[in-house]
Amino acid sequence: MLDNFDQKLLDKIKNEQLTPKPRWHFLLKDYVLWSAGLLAFAFGSLATSMLIYVGLNNNWEVYDRLNSSLIGFILLTLPYFWVAFFALLVVVVYYNVHHTKKGYKYPLAYILPVIFVSSIFFGGIFYRAGFAEMVDGILGETVPYYDRFANPHVHFWSHPEYGRLMGIVAEKKDMEMIIVIDIEKQAWNVRLTEETEMECPVEVGFPARIIGKMLSESEFEAFRIMPGGPGGGMFKRYRRDPRFMPHFEQCQPVPGPMGPEMRCME
Amino acid sequence: MHMDPQEMDTAKDEELIPLILSNQDHFIYVVKRYKEKLYRYIMRISDFSPEEAEDVLQDVFLKVYLNLNEFDTGLKFSSWIYRIAHNQVINEFRKKKARPQHNAIDLDDDMARQIASNLDIEKETDQIILKESIVRTLRELDAKYREVMVLRFLEEKSYEEISDIIKRPSGTVSSLLNQAKKEFKKVYLRDNKHKSYVG
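Respectively, the protein sequence lines represent chains F and S.
Counting with my numbering, you get residues 1 to 266 for the letters of the first sequence.
Counting with my numbering, you get residues 1001 to 1199 for the letters of the second sequence.
The hints are simulated quantities; they were obtained by calculation from the structure and are not laboratory data.
Pairs of lysine-lysine, DSS-like flavour, derived with a Cα cap of 25 Å:
#: 1; chain 1: F; residue 1: 29; chain 2: F; residue 2: 102
#: 2; chain 1: F; residue 1: 101; chain 2: S; residue 2: 1144
#: 3; chain 1: F; residue 1: 12; chain 2: S; residue 2: 1035
#: 4; chain 1: F; residue 1: 173; chain 2: F; residue 2: 185
#: 5; chain 1: S; residue 1: 1032; chain 2: F; residue 2: 14
#: 6; chain 1: S; residue 1: 1012; chain 2: F; residue 2: 21
#: 7; chain 1: F; residue 1: 105; chain 2: S; residue 2: 1144
#: 8; chain 1: F; residue 1: 8; chain 2: S; residue 2: 1032
#: 9; chain 1: S; residue 1: 1095; chain 2: S; residue 2: 1037
#: 10; chain 1: S; residue 1: 1167; chain 2: F; residue 2: 21
#: 11; chain 1: F; residue 1: 12; chain 2: S; residue 2: 1037
#: 12; chain 1: S; residue 1: 1063; chain 2: F; residue 2: 14
Which residues of chain F face chain S? A few of them, derived with a C-beta cut under 8 Å, are:
#: 13; residue: 2
#: 14; residue: 5
#: 15; residue: 6
#: 16; residue: 10
#: 17; residue: 13
#: 18; residue: 20
#: 19; residue: 21
#: 20; residue: 22
#: 21; residue: 23
#: 22; residue: 101
#: 23; residue: 104
#: 24; residue: 105
#: 25; residue: 107
Label-pair restraints from in silico Cβ distances:
#: 26; chain 1: F; residue 1: 22; chain 2: S; residue 2: 1113; range: 47 to 55 Å
#: 27; chain 1: F; residue 1: 101; chain 2: S; residue 2: 1142; range: 26 to 34 Å
#: 28; chain 1: F; residue 1: 72; chain 2: S; residue 2: 1189; range: 55 to 63 Å
#: 29; chain 1: F; residue 1: 19; chain 2: S; residue 2: 1087; range: 18 to 26 Å
#: 30; chain 1: S; residue 1: 1189; chain 2: F; residue 2: 87; range: 43 to 51 Å
Note that beta-carbon positions come from the ideal geometry of N, C-alpha and C, so glycine has one too.
Same shape as in the complex, but just chain F (with noise of 0.2 Å):
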């Protein structure tokens, strides 16, 4: 056997006049599989510190005063979304490295908890640095149909016969109501009390989250009123509507009892 082998390969090369690939294809191959992991990377921390801001702005101390067991609770409010996002985006870093020079070399038990552990250290710093917050505002903001794949908050805290309800404040009439429009874009009376606890003040054109009791289709009163948090950006879409808040172009933040709060020409 091999016969000639050798004369008949070098025949075959000058005859097809085959040449080595440049080296310039391979390092460009080497440098798509990096930048393609390494963006993989940064997106994974981003969703690192997207599962912080969720987690961290899940009002845990509140859970057991919203009819629903610690698991229940858990299950209802997770992102998923998040979660698939960050696991699908570990699997591309994974495969990446795999495939990179010397990427064989390291096992799976090894490349996988380095990728989990760096992404929780970068997306910590993600998040510290606001972009979880900002992000999940700009995508609550414009992204269709936001509520329903990456945010369950906004359906959690959108049950007012639950005694939750969650929307942005539309209006102010005095100091003991305000006009709040939820995720159906129903208008709702809130009745605010002595007992009201207050964790942040209430603006015209801001998001929150109200636990109460709903007291009539269409009137609510609240025992705690919080931040908007994760989710909340949804809501600062009805500033542009004009059914809503006719008049938020033309508000200014001013001085008031509880602190800063947006006056608005009528």
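Assemble the complex: chain F is given as a structure, and chain S must be docked to it using the hints.
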């Protein structure tokens, strides 16, 4: 850089690469060095006929030639060229959609003795019987076990080299080899049980 034919014969593989890139005729030195080894390796891990194996070998050398600029000097050239052969055989398996059957495992006396002593299997007084038993057992092994056994005992590659060839972590190679040895021993003892009673 210029070398006369005698120097080319003794030059390291890695030293040949820049010479081949400047003159394709020098590729013949790489071919001469590796054609027999790789042909044997392809035959050992596949069910290809000699003609098919030669075709695969030609494809391997063409890939080596086309991808010369990809060779990473941090790797042994022999590991790189074996890796290309390994990948090409896998590609051919996929094309044929056939499970490797092994019809041509050649084994010399030293290799047979080494395998027998390494796996602590009964020592046949007759070398021919021992060799036949080992070859038969290798044929029966699962492809993933057979390949590491072939690389370790027949191609005499180190764990590090096997890791570079099959692109798996060293730890995985080590555990794969341990499982392969156990499996080999189990199959060998099962197939040769009657001989112990006869003996």
